[in-house]
Structure formats: C-alpha cells, structure tokens
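Keeping the supplied structure of chain S fixed, place chain R upon it in accordance with the hints.
Number of protein chains: 2
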Amino acid sequence: MRAVVLVRPKTGILDPQGQAVETSLKHLGFAVDEARVGKVIDLELNAEDEAAARTEIERMCEQLLANPLIESYEIELAEAE
Amino acid sequence: MRAVVLVRPKTGILDPQGQAVETSLKHLGFAVDEARVGKVIDLELNAEDEAAARTEIERMCEQLLANPLIESYEIELAEAE
Numbered sequence: 025m026r027a028v029v030l031v032r033p034k035t036g037i038l039d040p041q042g043q044a045v046e047t048s049l050k051h052l053g054f055a056v057d058e059a060r061v062g063k064v065i066d067l068e069l070n071a072e073d074e075a076a077a078r079t080e081i082e083r084m085c086e087q088l089l090a091n092p093l094i095e096s097y098e099i100e101l102a103e104a105e
Numbered sequence: 025m026r027a028v029v030l031v032r033p034k035t036g037i038l039d040p041q042g043q044a045v046e047t048s049l050k051h052l053g054f055a056v057d058e059a060r061v062g063k064v065i066d067l068e069l070n071a072e073d074e075a076a077a078r079t080e081i082e083r084m085c086e087q088l089l090a091n092p093l094i095e096s097y098e099i100e101l102a103e104a105e
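Chains S and R are the protein sequences, given in the same order. For the first sequence, the working numbering gives the first residue as 25, with consecutive numbering after it. For the second sequence, the working numbering gives the first residue as 25, with consecutive numbering after it.
Looking at chain S on its own, in the form it has when it is part of the complex (with noise of 0.2 Å):
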C-alpha cells in the first residue's frame, strides 16, 4: 500500500525555512503573501487495510517522522498499483 505523509511546521511556529523560500521568491519578482516548508514522506508498506495502514503510520509520525511539538502530519492513502 502506498501513503503520502505531509509534515509541517505547526500554525505559529517559526519556520525559518518557509521565512528564506519567501523572501527569495519576493527577491526574484514574485507576488507571494506566505511560504512555509514542510517534508513530503512517501511510504510503500505492508498492511492488511487501510485502518491498520493508517494506524501503523500514526506510530511512525509520533516515533519518527514528525516532531509532535512543533509539527502537524496529514496521511493520505493510495492503493499500489
């Protein structure tokens, strides 16, 4: 099964990064209000349905893949082709 894991920078949180990405597409013309940056996780993995897919990945956000203090994750599941 295949899932998309987005991981951002919570509301409030400084997001230095998203701070540079913004000021340089202003620097180089382009009429942006905002920019925050967060990862984009691809996952293949083994699970009986989706609920367990899901579950499953709720463990590797809280363990692994995002910092539950100061970032937000959204998991979105695809069938593998």
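Check before you lean on any hint, since a few could be wrong.
Given that identical chains are not distinguished, each listed pair holds provided it fits within a single copy or across any two copies.
[Stated by the list, open to error] Here are the simulated lysine-lysine pairs, DSS-like style, with alpha carbons at most 30 Å apart: (1) K34 x K63; (2) K63 x K50; (3) K50 x K34.
What the hints contain is simulated information worked out from the structure, not anything from laboratory work.
Structure of chain R alone, referenced to chain S:
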C-alpha cells in the same frame, strides 16, 4: 490564492534522507518497503486566476523551489478561504 507544491527526488535519483528514514522505520519494527523524502511548500500568492497562478508557480519551481535535474514537482491549487 493558496497552493501546495510537492517537490520530490525523481525516480532513480539517490535519496539519502529517504534511505535513512526507511532504515530507521525498519529498525523500529515497521513493515516498510520504501520511503522517499521530499519537500512540501505551502504558498499564499496573488494571482488573477488559477491558470496564472499555475504559470507563476511553475516559474518559481524552475527558478528556486526545485532542482529540475534531480527533482520533480506537483502543484495543487486551492481558493483562499
């Protein structure tokens, strides 16, 4: 207008961060076959319509957000709430 840009290492391109995540997840006991790590960039930008926004974001990707040699990008547009 809000947009989500996903920047990923192209297929076949070495992804050390993804390999580290994959190894760590396996060590933690998760049944993961593959992990790839990229960036998610959330943008708030001024554009007349979706077509104009998409063109602008493609230019941002080519100039700053992605390295076209080794990374691919995907653009998702959403109306500002």
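Structure-based check of all given hints:
1. Proximity of K34 and K63 under a CA criterion of 30 Å is satisfied in both settings, with 12 Å inside one chain copy and 15 Å between copies.
2. For the identical chains of this complex, K63 and K50 are neighbours both inside a copy (22 Å) and across copies (20 Å), given an alpha-carbon limit of 30 Å.
3. Taking the shortest alpha-carbon separations for K50 and K34, both the intra-copy value of 23 Å and the inter-copy value of 27 Å come in at or below 30 Å.
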